[in-house]
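Peer 1: Build the full structure now, drawing on both the sequences and the hints.
Number of protein chains: 6
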Amino acid sequence: MDTLNHFNQQGEAHMVDVGDKSVTHRVAVSVGRIEMLSNTLEHIKQGTNKKGDVLGIARIAGIMGAKKTADLVPLCHPLALTKVGVDLEIQDEPPAVLCTATVETRGQTGVEMEALTAVQVTLLTIYDMCKAVDKGMRIEGVQVIEKKGGKSGDWKVAS
Amino acid sequence: MDTLNHFNQQGEAHMVDVGDKSVTHRVAVSVGRIEMLSNTLEHIKQGTNKKGDVLGIARIAGIMGAKKTADLVPLCHPLALTKVGVDLEIQDEPPAVLCTATVETRGQTGVEMEALTAVQVTLLTIYDMCKAVDKGMRIEGVQVIEKKGGKSGDWKVAS
Amino acid sequence: MDTLNHFNQQGEAHMVDVGDKSVTHRVAVSVGRIEMLSNTLEHIKQGTNKKGDVLGIARIAGIMGAKKTADLVPLCHPLALTKVGVDLEIQDEPPAVLCTATVETRGQTGVEMEALTAVQVTLLTIYDMCKAVDKGMRIEGVQVIEKKGGKSGDWKVAS
Amino acid sequence: MDTLNHFNQQGEAHMVDVGDKSVTHRVAVSVGRIEMLSNTLEHIKQGTNKKGDVLGIARIAGIMGAKKTADLVPLCHPLALTKVGVDLEIQDEPPAVLCTATVETRGQTGVEMEALTAVQVTLLTIYDMCKAVDKGMRIEGVQVIEKKGGKSGDWKVAS
Amino acid sequence: MDTLNHFNQQGEAHMVDVGDKSVTHRVAVSVGRIEMLSNTLEHIKQGTNKKGDVLGIARIAGIMGAKKTADLVPLCHPLALTKVGVDLEIQDEPPAVLCTATVETRGQTGVEMEALTAVQVTLLTIYDMCKAVDKGMRIEGVQVIEKKGGKSGDWKVAS
Amino acid sequence: MDTLNHFNQQGEAHMVDVGDKSVTHRVAVSVGRIEMLSNTLEHIKQGTNKKGDVLGIARIAGIMGAKKTADLVPLCHPLALTKVGVDLEIQDEPPAVLCTATVETRGQTGVEMEALTAVQVTLLTIYDMCKAVDKGMRIEGVQVIEKKGGKSGDWKVAS
Numbered sequence: 001m002d003t004l005n006h007f008n009q010q011g012e013a014h015m016v017d018v019g020d021k022s023v024t025h026r027v028a029v030s031v032g033r034i035e036m037l038s039n040t041l042e043h044i045k046q047g048t049n050k051k052g053d054v055l056g057i058a059r060i061a062g063i064m065g066a067k068k069t070a071d072l073v074p075l076c077h078p079l080a081l082t083k084v085g086v087d088l089e090i091q092d093e094p095p096a097v098l099c100t101a102t103v104e105t106r107g108q109t110g111v112e113m114e115a116l117t118a119v120q121v122t123l124l125t126i127y128d129m130c131k132a133v134d135k136g137m138r139i140e141g142v143q144v145i146e147k148k149g150g151k152s153g154d155w156k157v158a159s
Numbered sequence: 001m002d003t004l005n006h007f008n009q010q011g012e013a014h015m016v017d018v019g020d021k022s023v024t025h026r027v028a029v030s031v032g033r034i035e036m037l038s039n040t041l042e043h044i045k046q047g048t049n050k051k052g053d054v055l056g057i058a059r060i061a062g063i064m065g066a067k068k069t070a071d072l073v074p075l076c077h078p079l080a081l082t083k084v085g086v087d088l089e090i091q092d093e094p095p096a097v098l099c100t101a102t103v104e105t106r107g108q109t110g111v112e113m114e115a116l117t118a119v120q121v122t123l124l125t126i127y128d129m130c131k132a133v134d135k136g137m138r139i140e141g142v143q144v145i146e147k148k149g150g151k152s153g154d155w156k157v158a159s
Numbered sequence: 001m002d003t004l005n006h007f008n009q010q011g012e013a014h015m016v017d018v019g020d021k022s023v024t025h026r027v028a029v030s031v032g033r034i035e036m037l038s039n040t041l042e043h044i045k046q047g048t049n050k051k052g053d054v055l056g057i058a059r060i061a062g063i064m065g066a067k068k069t070a071d072l073v074p075l076c077h078p079l080a081l082t083k084v085g086v087d088l089e090i091q092d093e094p095p096a097v098l099c100t101a102t103v104e105t106r107g108q109t110g111v112e113m114e115a116l117t118a119v120q121v122t123l124l125t126i127y128d129m130c131k132a133v134d135k136g137m138r139i140e141g142v143q144v145i146e147k148k149g150g151k152s153g154d155w156k157v158a159s
Numbered sequence: 001m002d003t004l005n006h007f008n009q010q011g012e013a014h015m016v017d018v019g020d021k022s023v024t025h026r027v028a029v030s031v032g033r034i035e036m037l038s039n040t041l042e043h044i045k046q047g048t049n050k051k052g053d054v055l056g057i058a059r060i061a062g063i064m065g066a067k068k069t070a071d072l073v074p075l076c077h078p079l080a081l082t083k084v085g086v087d088l089e090i091q092d093e094p095p096a097v098l099c100t101a102t103v104e105t106r107g108q109t110g111v112e113m114e115a116l117t118a119v120q121v122t123l124l125t126i127y128d129m130c131k132a133v134d135k136g137m138r139i140e141g142v143q144v145i146e147k148k149g150g151k152s153g154d155w156k157v158a159s
Numbered sequence: 001m002d003t004l005n006h007f008n009q010q011g012e013a014h015m016v017d018v019g020d021k022s023v024t025h026r027v028a029v030s031v032g033r034i035e036m037l038s039n040t041l042e043h044i045k046q047g048t049n050k051k052g053d054v055l056g057i058a059r060i061a062g063i064m065g066a067k068k069t070a071d072l073v074p075l076c077h078p079l080a081l082t083k084v085g086v087d088l089e090i091q092d093e094p095p096a097v098l099c100t101a102t103v104e105t106r107g108q109t110g111v112e113m114e115a116l117t118a119v120q121v122t123l124l125t126i127y128d129m130c131k132a133v134d135k136g137m138r139i140e141g142v143q144v145i146e147k148k149g150g151k152s153g154d155w156k157v158a159s
Numbered sequence: 001m002d003t004l005n006h007f008n009q010q011g012e013a014h015m016v017d018v019g020d021k022s023v024t025h026r027v028a029v030s031v032g033r034i035e036m037l038s039n040t041l042e043h044i045k046q047g048t049n050k051k052g053d054v055l056g057i058a059r060i061a062g063i064m065g066a067k068k069t070a071d072l073v074p075l076c077h078p079l080a081l082t083k084v085g086v087d088l089e090i091q092d093e094p095p096a097v098l099c100t101a102t103v104e105t106r107g108q109t110g111v112e113m114e115a116l117t118a119v120q121v122t123l124l125t126i127y128d129m130c131k132a133v134d135k136g137m138r139i140e141g142v143q144v145i146e147k148k149g150g151k152s153g154d155w156k157v158a159s
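Protein chains in written order, with full-length UniProt numbering: chain Y, 1 to 159; chain C, 1 to 159; chain P, 1 to 159; chain R, 1 to 159; chain L, 1 to 159; chain V, 1 to 159.
Heads up, some of the hints might be wrong.
Chain copies aren't distinguished; within one or between two, either way the pair holds.
Computed cross-link-like contacts, EDC-like style, restricted to lysine to aspartate or glutamate with a CA-CA straight-line distance of at most 20 Å [claimed, not checked]:
no.: 1; residue 1: Lys-45; residue 2: Asp-134
no.: 2; residue 1: Lys-156; residue 2: Glu-35
no.: 3; residue 1: Lys-83; residue 2: Asp-20
no.: 4; residue 1: Lys-135; residue 2: Glu-146
no.: 5; residue 1: Lys-135; residue 2: Glu-12
no.: 6; residue 1: Lys-21; residue 2: Asp-154
no.: 7; residue 1: Lys-83; residue 2: Glu-12
no.: 8; residue 1: Lys-148; residue 2: Asp-20
no.: 9; residue 1: Lys-151; residue 2: Asp-17
For the record, the hints were derived by calculation from the structure and aren't laboratory data.
Peer 2: Here's what the structure looks like:
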């Protein structure tokens with residue numbers, strides 16, 4: 001399709017009709033990272049092992065965030081998610097935390113927005129918990145990298 | 001301060017006590033952008049003028065998102081925001097929409113998280129409305145660029 | 001049925017059991033209007049064309065409102081809506097904005113409440129955005145006009 | 001003021017800055033009614049006395065609805081309400097339930113939207129609980145009738 | 001199963017995949033009670049009959065609470081509940097209100113959490129409405145007593 | 001005071017007027033515990049150290065739950081909390097996890113409900129994460145133990 005389907009013929013926004021789409025197993029995977037000072041990353045690494053588990057809390061926030069997607073994104077359909085997973089990985093050069101979110105449903109519409117929201121809320125929470133030591137952190141590279149199911153079929157980001 | 005203040009001595013997370021902080025006028029400005037195919041940007045430009053107002057809807061979503069920050073970010077204090085503004089600007093090379101969010105309050109804690117959340121939800125909404133024509137859009141450069149008020153005083157990102 | 005089915009034999013409220021109802025295509029259409037000074041309507045008309053898009057924002061609020069129905073109405077079942085559309089029309093005599101909301105689902109219970117909530121939140125948002133120039137606006141004639149699907153079958157308001 | 005203040009010079013929507021407004025005692029009173037078949041009103045009357053308390057439930061829904069106003073109305077400021085009251089009165093000719101909501105705060109912005117939302121959610125809930133016996137109910141005459149506090153001072157609807 | 005299934009092999013929390021589980025009729029029943037001074041119970045009894053219906057309001061809060069379970073419990077799946085019922089019973093010795101919540105769905109995962117949340121919110125609301133006369137009330141014995149449907153089959157608490 | 005102040009003279013529920021109460025520093029402390037099989041407690045203990053951090057997740061859920069109190073409890077005032085802390089302690093005989101929540105604000109009304117809600121949501125989350133191995137867990141002894149600030153002054157539960 002080559003048009004923005006959230007608008008009708010008059011250019012007015014609506015929540016598009018998905019009632020005739022088939023219920024299929026749908027998966028979406030999104031990624032993103034938050035770049036920071038190496039000293040900040042050191043705080044996070046120490047926390048994971050012995051106190052102040054920044055990554056554990058951010059992961060929970062991201063999972064809960066995925067469930068709020070239809071509340072945040074105006075024309076997004078509410079969906080009963082069947083799986084949400086958030087993986088976090090530490091990267092040393094440049095210092096950053098990488099986030100990968102995988103969301104699944106059996107439904108009539110895809111879950112890309114839920115996977116993106118999970119990444120965004122996870123990274124926001126890392127910012128919140130580290131901002132006392134590093135206000136200059138930057139969130140970069142938030143994108144969908146893979147999508148399965150639905151009429152448009154499987155898709156992977158070009159690498 | 002040099003430690004992650006969302007943890008107590010035992011390394012357990014808590015919502016930090018801001019009750020003794022003074023009520024001051026606080027401002028935070030955040031930015032971010034979503035990069036896309038030039039064809040996608042063309043759809044957005046047309047929409048703004050004549051139908052399908054992607055940017056107008058995204059702006060509203062971002063403002064509403066700012067109000068949900070304490071719902072999304074676990075250790076964030078609920079705040080009565082006094083102002084939220086979201087500005088969007090089209091950039092042609094590379095094709096992108098730039099978002100700047102300004103949030104203000106009179107309160108005991110800063111509004112950086114609210115400004116970041118406004119940017120994130122605005123950009124998520126642009127993704128949602130354009131994903132039928134471009135799944136490969138990327139959100140980049142989400143960061144706080146300025147902050148005023150509070151004990152730590154004014155701050156600007158190093159340029 | 002001739003009784004208020006949200007109460008059991010003891011007169012205690014409950015969320016009625018819809019688990020045995022069949023999953024059918026359900027549609028509901030609701031309408032309502034907000035009456036205002038002709039000067040206020042003039043502001044709205046100008047905005048739609050060149051700045052300050054009151055109707056575009058109200059439409060988005062109404063769509064998002066439909067998704068919150070089960071949060072607002074105590075005994076309403078949560079539903080995965082498959083379509084929400086909100087149409088707005090300007091009426092000159094008396095000066096008013098007319099709102100029509102259409103909601104669809106494939107589910108075990110109807111979507112009248114969602115269609116009514118969409119109308120109510122749309123009209124509330126128009127009030128909010130125009131109250132600086134006209135506090136006396138009135139919301140009138142909010143009702144369901146049509147309903148399809150479900151055991152009780154199709155229904156239209158008597159005209 | 002004679003312009004719609006939710007828009008800036010470029011006609012873009014924002015949540016207006018109330019940070020410089022003074023904190024005053026603010027009150028708003030809204031009304032509205034739901035008209036119905038006399039048989040439906042009879043059901044409600046019986047319920048209030050002996051089982052199935054439609055009005056008691058609707059009143060609670062309206063109070064809770066007032067607290068959700070800033071979630072529903074995009075450019076509404078979040079407010080710490082200090083009082084919410086919802087009164088319901090039965091009217092026989094034409095058969096209807098009349099709702100009056102009074103909301104108060106000590107804050108920098110008015111509570112008209114909260115009072116209107118309380119009325120809307122109260123009446124929606126009555127519709128929900130009676131729709132099994134009367135789909136044709138109509139919500140009429142929802143408006144602010146009185147407002148106190150703030151820079152614009154006291155205001156009453158013209159009678 | 002003998003492990004905590006909300007964690008993956010690395011011990012990281014996720015929302016478990018229920019996409020392959022079959023859609024069955026699922027029921028859960030939970031109970032709990034709030035113990036109080038006999039004078040407080042007297043206030044509640046009077047209210048039920050003639051004014052101030054504490055139990056009616058608490059029942060509504062519990063039903064609405066069940067709908068918010070996936071918002072409150074981080075790894076809980078969002079579910080379309082088909083029935084929620086909350087029963088309240090007065091017990092004189094020791095003075096207490098007993099709450100029983102029954103929740104049903106047709107879905108891929110159980111509703112124990114929804115039934116527990118309904119009980120908790122019901123009892124919290126009773127506390128709120130009576131705390132002006134009795135701050136020492138205690139919530140006791142909140143547990144699932146019965147569960148039907150799903151792969152693990154029917155279960156009853158050992159008596 | 002000797003009456004249930006959430007009702008007016010007619011016995012109708014309302015959110016009581018706190019607008020004339022003074023803004024004071026208010027603190028509430030609540031406790032509660034969840035009793036379980038010793039084998040279940042063993043799972044939790046192992047998780048805290050090496051994988052699957054049940055208590056860390058439950059603590060976050062409790063803190064977020066405190067922020068949702070006014071959404072859950074119908075007549076509760078929305079409040080800007082200045083501190084929320086949740087402490088968890090393992091008790092071996094009988095096997096249980098004890099939860100203590102401390103909530104603070106500077107406001108016109110107390111925070112007992114927020115402290116109770118934090119305990120309830122914390123314990124619900126522990127139930128959720130351990131129910132695969134132990135459906136018979138019981139939540140016991142949820143109560144306010146201390147309260148400071150406000151007109152009624154300081155209060156401690158009788159021991």
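Peer 1: For the identical chains here, do Lys-151 and Asp-17 meet the 20 Å Cα criterion within one copy, between copies, both, or neither?
Peer 2: within (14 Å within a copy, 23 Å between copies)
Peer 1: How would you label the pair Lys-21, Asp-154 (within, between, both, or neither) given a Cα cut-off of 20 Å?
Peer 2: within (16 Å within a copy, 23 Å between copies)
Peer 1: At most 20 Å between alpha carbons: which applies to Lys-83 and Asp-20, within, between, both or neither?
Peer 2: between (24 Å within a copy, 10 Å between copies)
Peer 1: Given a CA cutoff of 20 Å, do Lys-135 and Glu-12 count as a within-copy pair, a between-copy pair, both, or neither?
Peer 2: neither (40 Å within a copy, 22 Å between copies)
Peer 1: How do Lys-156 and Glu-35 come out at 20 Å by Cα distance, when the copy is not named: within, between, both, or neither?
Peer 2: between (25 Å within a copy, 17 Å between copies)
Peer 1: State whether the alpha carbon distance between Lys-83 and Glu-12 is at most 20 Å within one copy, between copies, both, or neither.
Peer 2: between (33 Å within a copy, 14 Å between copies)
Peer 1: At most 20 Å between CA atoms: does that hold for Lys-148 and Asp-20 within a copy, between copies, both, or neither?
Peer 2: both (18 Å within a copy, 16 Å between copies)
Peer 1: Are the CA atoms of Lys-45 and Asp-134 at most 20 Å apart within a copy, between copies, both, or neither?
Peer 2: Only inside one copy: Lys-45 and Asp-134 sit 15 Å apart there, 33 Å across copies, limit 20 Å.
Peer 1: Measure nothing new, just compare the shortest in-copy and cross-copy C-alpha distances for Lys-135 and Glu-146 to 20 Å and report within, between, both or neither.
Peer 2: between (31 Å within a copy, 9 Å between copies)
Hint 5 alone, counting from the list given before, is not met by this structure.
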